[in-house]
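J.: Protein chains in written order, with this note's numbering: chain H, 3 to 196; chain X, 662 to 1298; chain B, 7 to 107.
Don't read these hints as lab results, they were simulated from the structure.
Since the model is a prediction, treat every value here as computed from it, not as a measurement.
Check each hint, because a few of them may be wrong.
Unchecked claim - Simulated crosslink set (SDA-like; lysine to any residue; CA at most 20 Å straight-line): (1) H:88 - B:107; (2) H:141 - B:60; (3) H:141 - B:68; (4) H:88 - B:102; (5) H:122 - B:99; (6) H:122 - B:56; (7) H:88 - B:100; (8) H:28 - B:100; (9) H:88 - X:1273; (10) H:141 - B:64; (11) H:141 - B:61; (12) H:88 - X:699; (13) X:1262 - B:107; (14) H:28 - B:96; (15) H:122 - B:61; (16) H:28 - B:61; (17) H:122 - B:62; (18) H:141 - B:62; (19) H:88 - B:99; (20) H:122 - B:100; (21) H:122 - B:60; (22) H:141 - B:71.
Said to hold, decoys possible - Computed beta-carbon distance windows for the label pairs: (23) X:1295 - H:58: 34 to 44 Å; (24) X:1251 - B:98: 31 to 41 Å; (25) X:1249 - B:89: 52 to 62 Å; (26) B:104 - H:89: 43 to 53 Å; (27) X:1240 - H:96: 56 to 66 Å; (28) X:1270 - H:89: 11 to 21 Å; (29) H:179 - X:1295: 44 to 54 Å; (30) X:1242 - H:184: 44 to 54 Å; (31) H:179 - B:89: 18 to 28 Å; (32) X:1244 - B:104: 40 to 50 Å; (33) H:58 - B:98: 49 to 59 Å; (34) H:89 - X:1242: 56 to 66 Å; (35) B:98 - X:1270: 13 to 23 Å; (36) H:177 - B:13: 40 to 50 Å.
Said to hold, decoys possible - Where chain X lies over chain H, by a calculated footprint (3+ residues, C-beta under 8 Å): (37) 91 to 104; (38) 108 to 118.
Positions of the beta carbon are idealized from the N, C-alpha and C atoms, including for glycine.
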Amino acid sequence: MPLDNVIFWVFAPIAVASAIGMLTMKNAVHAALFLIVNFFCIAVFYLLLDAPFLFAVQIVVYAGAIMVLFLFVIMLLGVDQGVDLKERLVGQRSLAILLGLAFIAEIFLALRAGIGFATKAPEGFEVLNEGGNTQAVAKVLFRDYFFPFEVTSILLLVAAIAAMVLAARKAPAVTQAELDARADGQPADGEVDS
Amino acid sequence: MVGELVPATTTSGALGLLWLIPALPLAGAAINLFFGKRLGKPAGVLGSLTVLASFALAALAVRDLLALPAEQRLVLQHLFDWISVGRFHVGADLRLDALSATMILVVTGVGSLIHIYANGYMAGDPRFGRFFAYMNLFVFFMLMLVLGANYLVLYLGWEGVGLCSYLLIGFWFENKENAEAAKKAFITTRIGDTLMLVGLALIVAKFGSLDFEVVFGHAGSVLTKDTATVIALLLFAGAIGKSAQIPLHVWLPDAMAGPTPVSALIHAATMVTAGVYLVVRSHVLFELSGVALTVVLVVGLVTAIFAATCALGQNDIKRVLAYSTISQLGFMFMAVGMRAYTAAMFFLVVHAFYKALMFLGAGSVMHGTHDETDMREMGGLRRTMPITFVTFLVGAAAQAGIPPLAGFFAKDELLEIANHTHRNGVYVLGLVAAFLSALYVGRMVFLTFFREPRSARAERAHESPPVMWIPLAILAAGAVTVGWLNVKAEGRLAAFLESVAGRVPGDAGLAPLTLSAIAVALAVAALVLAWWVYGSGKVDWQAFTEGFEPLPTTLRNGWYVDHAYDVVVIQPAKEVAWLAAHVVDAKWIDGLVNAIGGGVKRLAQGGRLIQTGFVRSYALILFVGAVGILAYVGFRL
Amino acid sequence: MRTPIAYYLLLSGILFALGTIGVLTRKNALLIFMSVELQLNAVNLTLVAFARLHNDLTGQVLAFFSMVVAAAEVVVGLGIIVAIYRRRRTVDVDDARELRW
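One chain only, chain H, in its complex shape:
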């Protein structure tokens, strides 16, 4: 049994399971952790697909930066003890699952009609990765896609500024309860009717 096959068939179920786990956890922190597991699996897949650079970037950026940010915010806001899982919208959950299954079926059929389940990867990929995958990617990135690269750097700058602007403290906080009470015309507890 070829090695990549084994690795694939080990990590694929883990990836799906961790994704399902993320969906079903009540605790937000637990869900985030499951997602990190999922990201690791995907990183492995990148490796299997001859993209070692992305393997590293995935772990560093996604698992390392993005998910850490998520955990920061979850614990900062203190919303880890989640709202109850009872669904108030009628049919939302069942419809969502149904549609998800339909989607998977469509992809399956499309693949079967398209490239088929037998096509293996062609052989010539090592030529591209000559001198290392990172160098090859760098060549493509800084030559053919130089302009999007620059634009992306501006995008990152904008994102940073946006985060600073959003974080600035402005109006005093209003809870949903207070909002509802105001809508009914009576002052909420603690509020003064002005």
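Keeping the supplied structure of chain H fixed, place chains X and B upon it in accordance with the hints.
T.: Just chains X and B now, with coordinates in the frame of chain H:
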């Protein structure tokens, strides 16, 4: 004969100014409409002057027309292109021939006298100026009616005089009865007008034109007998309405609610004669269909007798004259039905004089007795209102047919033609009608002017001012002398009208002198009878009349025709109207519209529930769409 | 590489579907956001798989860009969620329902 007339080539002088004849009253109407209030009394002067000027112009035009040779007595004047659609063209054209010449002289001549009279009668009325505006407007439309060279201009005038009649009958509209009478007049004539319009449409369909020259020139080749009958009867329907013949006569007695000058001008001398003019003008069509002429004759005869009986039973002096007008119009249609067009036109001219005279005289009586109209409350007025008495007497005698007054010649000729064309039934019934005419006219005179006053108002009566009795005198003079126009059946008027109306029918029968003697004898007998009952004092006429009950009441109610119409036509129409308003409109149509609106509302109220506010619902629908599109694309491939 | 590429594609499809179900089902804004990240990752996997199939590094570059943009997006998105929390004291998306009938 028609068709042998050739239009005159020179149109100089008065003939070239033909358009001015109707234009002058129109200008007068416009000025009085806009500035009448500011003008005050001069408004009446202006109104009278325009019609007088029209009369002068008309007289000059007729004189010029007579100067032309007989085959060329036709003047056409094209004012502008009115309708031009495809191959259908109608121009605003005026036509002066012998027939229209006669009419314009009557309309403007008698009309101007009535306008002068109205200056006195309507003095002090708050809407004095507007009255003369309406009267001038009426004269304009009437002139357009008779001067039209095609059926459309005629119809314009036809409708216009109907409008003015409505405006003038309901002039004192503050009184609801007057408004009702005006409505009744308009709606009743409308029935005839609509049928006439259908006739006009048929003419357009058959001839492609409404021009008199075209229609009458080609009628023989284009129309079958049946089509001609239909068209003729439809046109006659319009005449029945306008000239108040049976069965559309009911509006004329009620129209007496209007001011007396209106009754004199419109409902005696001019508008009601429009029907006679129409039939005489269209006689080519009527002659093509023998049936139509018979219908005209029968309708005229029946109306003449029927209305005469009703006139006998009226106590209101104006209503007697109204029924009398209906009856005399019946005589005119009788003449037309016998192809005696000249006799009909002669009768029309003569009748204009003595009927207008009697109406204005009645107005004078009302003026003098401070608006008393019930003859039973009058009496003895010959002493207090001598001028009115004498002129009225002349008019009455003219109607009764006493020679040498004009009415004698006209009536006599009519009966003579009946006899000479071997229509003995018509002749006898005509004599009956003539007898009744003399009878009710005598009753009117004796009740009003003779014996002693029977009420306080009659006692205090006074004569009318000169502005009112001078026109009376002129009309009386006319009633006496107009007879010379056509002393014999083939007199001057007959010669004048021959170019339009054709020869006088009839070959032989009783000698003319015998016929005249019979007619005069009957008239005198009727007058003597009337005098004996109402004027001599030897008979208590109240008891005498009551002895015949229920006949007098039936006569006074016009043989209950109005009641019959009310039951058969008006109440059902009101029911239908109520149904239409409250059921069809309020329930069905409104219901449908409201149902549609309500349906949309319900749809919207259901639809708005999509806007749940939950982002996740929207996302779900997004996903549904995405999956759907994928499936579609997948299946396509 | 013996595994057929289609398997990777199917796997990424499954992960994408799971991510969508997460977006539709969870109420916590942060968890919804995490599901979105899952979706993005699934797409990245698809890109890289196709890059391998077509012998073209463009797919990997695209996936790289996607990650960069995802990072920026997470920054801004979390900033928004924090701002909303400050105002409303909640991260429950069902509480943001003023725009309803």
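J.: Is it true that residue 1240 of chain X and residue 96 of chain H lie within 56 to 66 Å of each other by Cβ?
T.: Given a distance of about 58 Å, which is inside 56 to 66 Å, the answer is holds.
J.: Against the 20 Å threshold, does the CA-CA distance of residue 122 of chain H and residue 62 of chain B hold or violate the hint?
T.: Holds, at roughly 15 Å.
J.: Given the hint that residue 122 of chain H pairs with residue 61 of chain B, does the C-alpha gap stay at or below 20 Å?
T.: 12 Å, holds
J.: Is the distance from the Cβ of residue 1242 of chain X to the Cβ of residue 184 of chain H consistent with 44 to 54 Å?
T.: 53 Å, holds
J.: Given the hinted pair residue 141 of chain H and residue 68 of chain B, is their Cα-Cα distance within 20 Å?
T.: Between residue 141 of chain H and residue 68 of chain B the Cα gap is close to 14 Å, so the pair holds against 20 Å.
J.: So if I understand the rule, the pair passes when the alpha-carbon distance is 20 Å or less; does residue 88 of chain H with residue 102 of chain B pass?
T.: 18 Å, holds
J.: Is 40 to 50 Å respected by the C-beta to C-beta distance linking residue 177 of chain H and residue 13 of chain B?
T.: For residue 13 of chain B against residue 177 of chain H, whose Cβ atoms are near 49 Å apart, the range 40 to 50 Å holds.
J.: Are the Cα positions of residue 141 of chain H and residue 64 of chain B separated by 20 Å at most?
T.: 11 Å, holds
J.: Is the Cα-Cα distance between residue 88 of chain H and residue 1273 of chain X 20 Å or less?
T.: Roughly 18 Å separates the two Cα atoms, so the pair holds.
J.: That 44 to 54 Å hint for residue 179 of chain H and residue 1295 of chain X (C-beta), does it hold up?
T.: Given about 48 Å between the Cβ atoms, the range holds.
J.: Compare the distance between the alpha carbons of residue 141 of chain H and residue 60 of chain B with 20 Å, and conclude whether the hinted pair is satisfied.
T.: 18 Å, holds
J.: Between residue 122 of chain H and residue 100 of chain B, does the CA-CA distance stay at or below 20 Å?
T.: 46 Å, violated
Consistency with the previously given hints fails for numbers 1, 5, 12, 16, 20, 24, 26, 33, ordered from lowest to highest.
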